[in-house]
Amino acid sequence: MKKYSNTKATLAIAKASFRAILRSPSAVVFTLAFPLIFIVVFANIGGGGVSVDVGVAKGCDTSGRFYQQLKSRKLVNLITDQSTEDMNKNLAKGQIDAILDLKPLVPMQPLEVSVQYSKASGKGEILKSILNNMFYYVQSAELAKIQAYSPLKIPEAVHLKETTVSGRAYKYIDFILPGQLGFSILSSGVFGTAFVFLSLRLTLVIKRFFATPVKRYSIVLGEALARMCFSLLGALFIILVGHYLFGFTLIHGVVTVLNMLVLSAFGLIIFMGFGFIISGIAKNEGTVPPLSNIITMPQFLLSGTFFSVTAFPKWLQYVSNALPLTHLNNAMRLVAFEGAGLGDVTHQLLILLIWLVIVYAVAVKTFKWE
Amino acid sequence: MHFYAMAKQPIITVKNLVKNYGDFAAVKGISFEVYEGEIFGLLGPNGAGKTTTLEVIETLREKTSGEITVDGFNIETDKNSIKQRIGVQLQAAGYYPNLNLAELIELFSGLYGIDKSPMEMLEKVALTDKAKAKYKDLSGGQKQRFSIATTLINNPRIIFLDEPTTGLDPQARRNLWDLIREIRDQGTTVVITTHYMDEAEVLCDRVAFVDGGHIIGIDTPDHFIDQLVASGFERKKEVKLANLEDVFINLTGKEWREG
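Chains as they are written, first to last, in the UniProt record's numbering: chain A, 1 to 370; chain B, 1 to 259.
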């Protein structure tokens, strides 16, 4: 008789499991749909950072250079499609930040600009400084003209010199995407693993497997392999969509992607450990979601998935910094945005390693085959 | 004439098998032999210890004490050789979710470490037209036939069927009997448990009655019946030449309905 091949058995399980995952709606929703939806929503909300909504009054002169310059300012969002009445109402409510009216330019007359601000909005100050900055240039230009005709030098009160150093813009997508990647891996690892092993145990699929020469480690390894392939393909998909559609920064291109995938794989192994624990202590399929949520929800909220951990009060930051997802997210962001290599995130990897040891020590104790 | 009549070599030997679950003794010293090429029935009420006995022989449970040899291999030292030589159908076992029948056969081939064409296996149980169907969408009879197909993948010397006909309609039951006889005729030994005595009577070459963890008799169905009759037993009702099941089959036809 031919020698029995454990590799063949492991790969057969991996293939079967991978097929099953692809056909399971919840796996696809949690791993791909949810993270992508969050990315789409947050990439659009947070997109341009701050902007000031300025209503353009009826009869405002929109042909002049001043208006065109204002329009080109990224911080200013000019609103032209509201009636005067609506505009006034919205200004009072603070839903628009100011109303601007420019009179047509009459030669030799100063440009008439009237701006209404609102006590309901704090962002009027931003418009004020934008306008002042623009006025400075207009007046300087006027002054220069006068100077050209006059021998009398007027001393400059201020000599403004503005330069912008080149740098990478830290877009919200650069923050949100690694967080969503972590969330995708967390839910796939915890929910997926817990569900699969519990249902294989309860429906006696594993018992039937044991009537074949397959080894236990083949079953675990085969399942893990399938989940790994699926989650990493999912991660790759999220990264590519983020990069090409939302301008997610990948400092070193392919190398960065590979580093992120290595981190994802490491994270997934830890999170699958939670899944093994839950599959062991859950009595039936109904108890899997609550138990999984106990693991995933705090990390989802406190691990810097949506906003930086530094925004939390100090005591909460201690909690955050104890969670594995926080460190996975941090490592992911360092790699993606700062261009760190895996050697530069050893601090995060070390903490994850400690989690790995703890989780699997518990999993070995609680996991049940039948 | 079938294989059994020609050879009486024991292929399974069970000696003084004891299985305790904690304080509860499920099997209390069972001994029996299964001969190569026969259909051997383990009969008895629920909780008699039939399934436990089977699962110990199938290497799925550790015995408490006793000796078991399967096709020449000791159950203590050669579990893996035994697993490679037997096919097992479990009572109420499920199959890997979200896979179709062909994919499940492929999976089991991998678990046995062999290459088997799924279609070849499905053909043996007349399920080729269901190759793309999911197990959960099969009828009761189809489910059982598929389970039997999975037991045949490794060309086993022995297959174990735990209550394969429970819950099937008369047509599906007869269809399964034919399949089981076919498997036996091709040289595979079959060990089966059932609650249906009519089934054991027509299907099994020999039966063992199990009750309360003991074997209380092993013989061919014919001998058991002859002995009882010789002891002066008579059925209360006059025996008719047909029973209600014969009427049912006569009225509804022999063809097996899927559904």
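The set of hints was computed from the structure by calculation and includes no laboratory data.
One should not assume that every hint holds.
As the list claims (entries may be wrong) - Which bits of chain A does chain B cover? Going by a derived footprint, with three or more residues having C-beta under 8 angstroms, they are:
| id | region |
| --- | --- |
| 1 | 12-19 |
| 2 | 151-158 |
| 3 | 244-252 |
What the hints assert, rightly or not - Here are the simulated lysine-lysine pairs, DSSO-like style, with alpha carbons at most 27 angstroms apart:
| id | chain 1 | residue 1 | chain 2 | residue 2 |
| --- | --- | --- | --- | --- |
| 4 | A | Lys3 | B | Lys15 |
| 5 | A | Lys207 | B | Lys254 |
| 6 | B | Lys134 | A | Lys365 |
| 7 | B | Lys254 | B | Lys143 |
| 8 | A | Lys215 | B | Lys254 |
| 9 | B | Lys116 | A | Lys207 |
| 10 | A | Lys368 | B | Lys15 |
| 11 | A | Lys153 | A | Lys171 |
| 12 | A | Lys283 | B | Lys79 |
| 13 | A | Lys368 | B | Lys136 |
| 14 | A | Lys207 | B | Lys136 |
| 15 | B | Lys254 | A | Lys15 |
| 16 | A | Lys215 | B | Lys28 |
| 17 | B | Lys79 | A | Lys8 |
| 18 | A | Lys58 | A | Lys15 |
| 19 | A | Lys207 | B | Lys15 |
| 20 | B | Lys116 | A | Lys3 |
| 21 | A | Lys207 | B | Lys143 |
| 22 | A | Lys93 | A | Lys58 |
| 23 | B | Lys15 | A | Lys15 |
| 24 | A | Lys8 | B | Lys134 |
| 25 | A | Lys215 | B | Lys116 |
Stated by the list, open to error - Only some residues are given here: those of chain A computed to face chain B with a beta carbon under 8 angstroms:
| id | residue |
| --- | --- |
| 26 | Lys8 |
| 27 | Ser26 |
| 28 | Lys128 |
| 29 | Asn132 |
From the three backbone atoms N, C-alpha and C, an ideal C-beta is built for every residue, glycine too.
Is the straight-line distance between the alpha-carbon of Lys116 of chain B and that of Lys3 of chain A 27 angstroms or less? Satisfied, since the Cα-Cα distance of roughly 16 angstroms is no more than 27 angstroms.
Need the status of pair Lys283 of chain A, Lys79 of chain B: alpha-carbon distance at most 27 angstroms? violated, 30 angstroms
Pairwise hint evaluation, Lys143 of chain B against Lys254 of chain B, where the allowed Cα distance is 27 angstroms at most: Holds, because 19 angstroms separates the two Cα atoms, which is no more than 27 angstroms.
Hint check: Lys215 of chain A vs Lys116 of chain B, CA-CA at most 27 angstroms. Holds or violated? holds, 20 angstroms
For the pair supplied as a hint, Lys207 of chain A and Lys143 of chain B, confirm whether the alpha-carbon distance does not exceed 27 angstroms. Holds. Lys207 of chain A to Lys143 of chain B sits at ~17 angstroms (cutoff 27 angstroms).
Need the status of pair Lys215 of chain A, Lys254 of chain B: alpha-carbon distance at most 27 angstroms? Roughly 43 angstroms separates the two Cα atoms, so the pair is violated.
Given the hint that Lys8 of chain A pairs with Lys134 of chain B, test it: the Cα-Cα distance must not exceed 27 angstroms. holds, 24 angstroms
Between the alpha carbons of Lys368 of chain A and Lys15 of chain B, is the straight-line distance 27 angstroms or under? Not OK: Lys368 of chain A and Lys15 of chain B at ~31 angstroms, beyond 27 angstroms, violated.
Interface restraint verdict for Lys8 of chain A against chain B (beta-carbon cut-off 8 angstroms): Nearest chain B Cβ about 5 angstroms off; hint holds.
Straight-line alpha-carbon gap Lys207 of chain A to Lys15 of chain B, limit 27 angstroms: holds, 25 angstroms
Given the hint that Lys207 of chain A pairs with Lys254 of chain B, test it: the Cα-Cα distance must not exceed 27 angstroms. violated, 35 angstroms
Is the shortest C-beta separation between Asn132 of chain A and chain B less than 8 angstroms? violated, 65 angstroms
The earlier numbered hints that this structure contradicts are 2, 3, 4, 5, 6, 8, 10, 11, 12, 15, 16, 18, 23, 27, 28, 29.
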